[in-house]
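J.: The whole structure should be built from the sequences, with the hints applied where relevant.
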Amino acid sequence: MNVINAMPAASQGREAWATLLGLAACEVFERMLGSHLVPAQESFAPEEDDVTSMVGLAGQICGVMTVRCPTKAALLMASKMLGVDAAQAGPEMWDAVGEVCNMIAGNFKNKIAGMGDGCMLSVPTVITGADYSLRALVDSDKTEVHLVFEGLPLVVALEVHS
Amino acid sequence: MNNVRVLIVDDSSVMRKIVERSLRQAGIGIAQVSEAANGVEALAVLNQGKVDLILCDINMPVMDGLEFVKQLSGVENGKGVPVVMLTTEGSEGHVVQALSAGARGYIRKPFTPDQVKEHILPAVAGNL
Chain A
0 MNVINAMPAA SQGREAWATL LGLAACEVFE RMLGSHLVPA QESFAPEEDD
50 VTSMVGLAGQ ICGVMTVRCP TKAALLMASK MLGVDAAQAG PEMWDAVGEV
100 CNMIAGNFKN KIAGMGDGCM LSVPTVITGA DYSLRALVDS DKTEVHLVFE
150 GLPLVVALEV HS
Chain B
0 MNNVRVLIVD DSSVMRKIVE RSLRQAGIGI AQVSEAANGV EALAVLNQGK
50 VDLILCDINM PVMDGLEFVK QLSGVENGKG VPVVMLTTEG SEGHVVQALS
100 AGARGYIRKP FTPDQVKEHI LPAVAGNL
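Which chain is which? The protein sequence lines are A and B, in order. For the first sequence, numbering that gives the first Met the number 0 begins at 0 and goes up steadily by one. For the second sequence, numbering that gives the first Met the number 0 begins at 0 and goes up steadily by one.
A few of these clues could be false.
[Said to hold, decoys possible] Far from chain A, some chain B residues (derived; all Cβ distances over 10 Å):
| no. | residue |
| --- | --- |
| 1 | S72 |
| 2 | G73 |
| 3 | V123 |
[Said to hold, decoys possible] With the Cβ distance kept under 8 Å, some of the chain A side facing chain B (calculated, not the full set):
| no. | residue |
| --- | --- |
| 4 | E47 |
| 5 | G82 |
| 6 | A85 |
| 7 | G105 |
| 8 | D116 |
| 9 | V147 |
| 10 | G150 |
For the record, the hints were derived by calculation from the structure and aren't laboratory data. Think of the CB as a built atom: it goes at the ideal place given N, C-alpha and C, for glycine as much as any other residue.
T.: And the structure:
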């Protein structure tokens with residue numbers, strides 16, 4: 000059960016969402032990868048070899064959850080999830096990063112009371128590179144959490160239509 | 000619990016492998032593992048042979064997990080087979096929907112091997 004930190008959605012401001020986003024990510028990495036995420040001391044700018052996974056949210060929250068990290072981190076995720084060497088995990092890298100984003104999105108919404116039933120998730124999409132921009136069709140607000148995964152950058156973001 | 004024939008249904012191949020590993024880490028003796036990426040593939044697997052336990056995601060393309068569970072009783076090899084849902088959709092409403100459709104248990108992702116064991120043992124009680 001992941002409802003220990005559940006709070007009414009209406010009472011939560013941007014700061015609470017950032018905390019819950021970080022908590023949701025930490026739980027996924029601890030339970031599924033056996034890794035402990037730590038908060039980053041700096042912000043990570045997009046790099047050319049970045050892998051970005053996206054999951055759409057629709058309902059009480061409408062927007063996009065993204066998980067961005069270098070290819071090396073994505074390979075390490077797949078390696079840890081599968082229990083194989085990073086060299087063997089290559090073909091599964093996309094699937095692994097997509098599933099991590101999916102679990103973080105699900106875990107996050109389950110921490111907000113009433114959001115579980117009121118918000119649907121899309122299947123994940125994964126892209127590479129830094130030369131892209133996400134353009135919401137209406138005004139949006141972004142919550143971003145910068146973390147460190149085994150010494151490598153990991154950025155979890157939630158962009159919601161305001 | 001030994002010689003269990005398991006069907007794992009999830010559109011993520013990585014997740015299917017994690018589920019299999021979690022079952023082994025939980026001490027469940029697996030004799031055979033079948034995999035399917037959606038409900039339609041899972042029904043096709045069941046038309047080929049019997050299984051003792053099904054672990055199934057909810058959000059999948061082609062046919063989702065809830066529809067698969069509803070159709071399970073219409074397949075000879077699916078009748079009476081315990082199904083445990085394994086999904087990120089962890090709300091109370093989804094749990095009720097899954098159990099109403101015929102699932103015996105419900106595990107939220109992310110999960111630990113201990114949580115897998117904790118939810119599967121009561122779900123398969125009397126079947127294995």
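J.: Hint by hint, say whether it matches the structure.
T.: Hint-by-hint comparison with the structure:
no.: 1; hint: S72; in the structure: holds (26 Å)
no.: 2; hint: G73; in the structure: holds (26 Å)
no.: 3; hint: V123; in the structure: holds (21 Å)
no.: 4; hint: E47; in the structure: violated (25 Å)
no.: 5; hint: G82; in the structure: holds (6 Å)
no.: 6; hint: A85; in the structure: violated (14 Å)
no.: 7; hint: G105; in the structure: holds (3 Å)
no.: 8; hint: D116; in the structure: holds (4 Å)
no.: 9; hint: V147; in the structure: violated (19 Å)
no.: 10; hint: G150; in the structure: violated (22 Å)
Violation of the numbered hints given earlier is confined to hints 4, 6, 9, 10; the remaining hints are satisfied by the structure.
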